[in-house]
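If you're matching them up, the sequences are chains U and S in order. When you line the first sequence up against our numbering, it's residues 44 to 460, in that order. When you line the second sequence up against our numbering, it's residues 44 to 460, in that order.
Calculated directly from the structure, the hints in this document are not laboratory data. Fair warning: there could be bad hints in the mix.
[What the hints assert, rightly or not] From the structure, some residues in chain S lie toward chain U, with a derived Cβ separation under 7 Å:
| id | residue |
| --- | --- |
| 1 | G186 |
| 2 | G325 |
| 3 | H330 |
| 4 | L353 |
| 5 | G404 |
| 6 | R434 |
Even glycine gets a Cβ: it sits at the ideal position worked out from N, Cα and C.
There are 2 protein chains.
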Amino acid sequence: MLVEIITIGDEILIGQIVDTNSAWMAVELNKAGFDIVQITSVHDQEKHITEALELALKRADIVLFTGGIGPTNDDITKQTLSKYFDAKLVFDEQVYADIENLLKNRSRAMNELTKSQAMVPDKATVIHNPIGTAPITWFEKEGKVIVSMPGVPYEMKQAMSAEIIPRLQKVFRVPVIIHKTILVHGYPESALAIKIAEWENGLPEDLSLAYLPNFNIVKLRLSAKTEDFNATQKLISNRVDRLRDILGDAILAEEDIPLEALVGRMLTSFGKKIVTAESCTGGHIAHRLTSVSGSSAYFKGSVVAYSNELKENLLGVKTVDLIQHGAVSRKVVEQMATGALQLMGADVAIATSGIAGPDGGTAEKPVGTVWISISTKKETLSRMFQFNLNRQLNIERTTQTALLMLIDLMRNSSSIL
Amino acid sequence: MLVEIITIGDEILIGQIVDTNSAWMAVELNKAGFDIVQITSVHDQEKHITEALELALKRADIVLFTGGIGPTNDDITKQTLSKYFDAKLVFDEQVYADIENLLKNRSRAMNELTKSQAMVPDKATVIHNPIGTAPITWFEKEGKVIVSMPGVPYEMKQAMSAEIIPRLQKVFRVPVIIHKTILVHGYPESALAIKIAEWENGLPEDLSLAYLPNFNIVKLRLSAKTEDFNATQKLISNRVDRLRDILGDAILAEEDIPLEALVGRMLTSFGKKIVTAESCTGGHIAHRLTSVSGSSAYFKGSVVAYSNELKENLLGVKTVDLIQHGAVSRKVVEQMATGALQLMGADVAIATSGIAGPDGGTAEKPVGTVWISISTKKETLSRMFQFNLNRQLNIERTTQTALLMLIDLMRNSSSIL
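Chain U extracted, bound-state conformation (with noise of 0.2 Å):
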């Protein structure tokens, strides 16, 4: 089944906002047995959504909008869809008492514009939202499925997992679609084409194989769409096993895990708890471990120590170094993970220093010059890095280079945790 998602609103094509929502979109339709088409982005004028409602029909089973639904005179999706479909706006009380209830979480008050979110078209199923004032429309039409949802991410994430996909999966049969992902560390993404490039040509018809290159990672994902689970499961697991043979350790995990919930899973196997101490990022690799429900088990805290000052009180780096060598040096992050393993008393410790950029770089250390240090009560293991990147990025990858040194280090050596 063939899904096209148009994406309404302004921000969009004046650049300021990245459309984060279609990507998402797409994995969890494509999850679920769909395909996207094509992803449109309009205008909020009346002439152009119905244009490209009437072009996306064309091409798909299902259209999907987001945006264009607030209450603000800006937003015309729901006029729109209404005027297109024939249908008159009425005033729905169901509607109106979620916005109530809502409202009332937030000690808000209602007014004229968020009763307004109460009218609905007369010819839509109106879906419920728990999390926002603007209704979800589900129109169909000559067998085709019409849905205009909110744009603000969250409510949109909540309205596709909650509500849409199962909805349309009652609809429309889709086969069921396995997906397998294999987390692949340790070779760019041509050299693990070209290893394993017997076995990839070898793979049945109905076996599709994607490359996610992501820092450092490579995602092998096969997907097979199928009638029959239990034989492509058996079919899938026989070639992930030949898979096996080939890469060996290179192969991370066998399942899409995030690497910081790997980390923690491996450190929980170890009984084992960790704590970082950073610099250039900043505390984004504290963020990352914390993102991962459970995480108070295994990872007690973190030092942000941005200032030397804190780098010399809290952590213990010798003002000596500091001068003599930088605070982006091997000497300065050995001091910073050993120090935070002392401070919070912890079996291991990541330790970040570098130039993010864009300004602070020198000839000599230029930005994206990255010092990354981990720490155990036995050993310390330190590498410096360039990344070149922009500040963002260099920030990123220094955490997920981070993270997978840790990895490494646990999967090769537990004996040193």
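Mind docking chain S on chain U? Use the hints.
Same frame as chain U, now just chain S:
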């Protein structure tokens, strides 16, 4: 002049990558006086690309393709456009020399696939790509311009800035577009719309207004197209003056600036330094603050005290209060804030303690219960919130709310810093 952006590549339609190119292009094109009429993402399929081009040429004066021009088999944009424009692919000595030179600098060898990049459509103007092997091609047809460029972000950006936008400005006469963004705090979107309804209705036709709500902030964006830059600037400035009369202190800033940068600017102007003591936010506030270039001038560091042990040992939270009131309590979050001030020697500290979820909630303190405290040498301000969201959103919302609390404090009573 209207532009349509067409991004080509399966990776966007399966959600593997987020299309960040289009937003960047939209901003730069807007600045240069061009409007984006639509953004369309299509598959690497000849029929789909051709159809999208034909439709785009009905809407737009300029069609900009990104992506789909790599050397591998799945990339077919060059072949498709050659066919569409009835052009032959011919070997271009200059492009070949550029590619040779580029590979030499990267210590890489030429191979058949890379060599094939030097084949270009004979009806296109070829634009030099100094940082990639894929040539950029520029077609003209019936007064319209069609350009195909790489999808690799840094190659696309180089081509747009150095070549494509300057050339478009020579071919087309364009007006200037002025955007003015006002950050408003304290009004839900609908209440704001009612508050400024009269002002909004009185806006001249050539000034358009958009509401962009995001976590307790609404961005108001005024846009105008003009041939007379100064007169329009004056007009906008005049309307903003009146808006300031209506909204007063609710206006946080008169530009599109992230809260963390606003915090940084205010701290800099007061000459004050900040630290954070984070539990439920796990380093996310420190991460947001340090995402701003130059933040080391006012951000000293952070203690992420995820465990109670660290709350006690590092921040000096009293054991008795942890036992009597729990970690998520006014008593504890205030001691975290004052403890952080003392430990790290700053002028202001933000502390957070809450239940991010999905586990850890109780009847008395359900998931989403969060305490935020801001402490200076003179005063400590604390508030409890109930966010009721998922883990990621509870963390993000806590961070956003803490930054807003701090901004309010600094605006209303900077003397307490």
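Can you name, in rising order, the numbers of the hints this structure does not satisfy?
-> 1, 5
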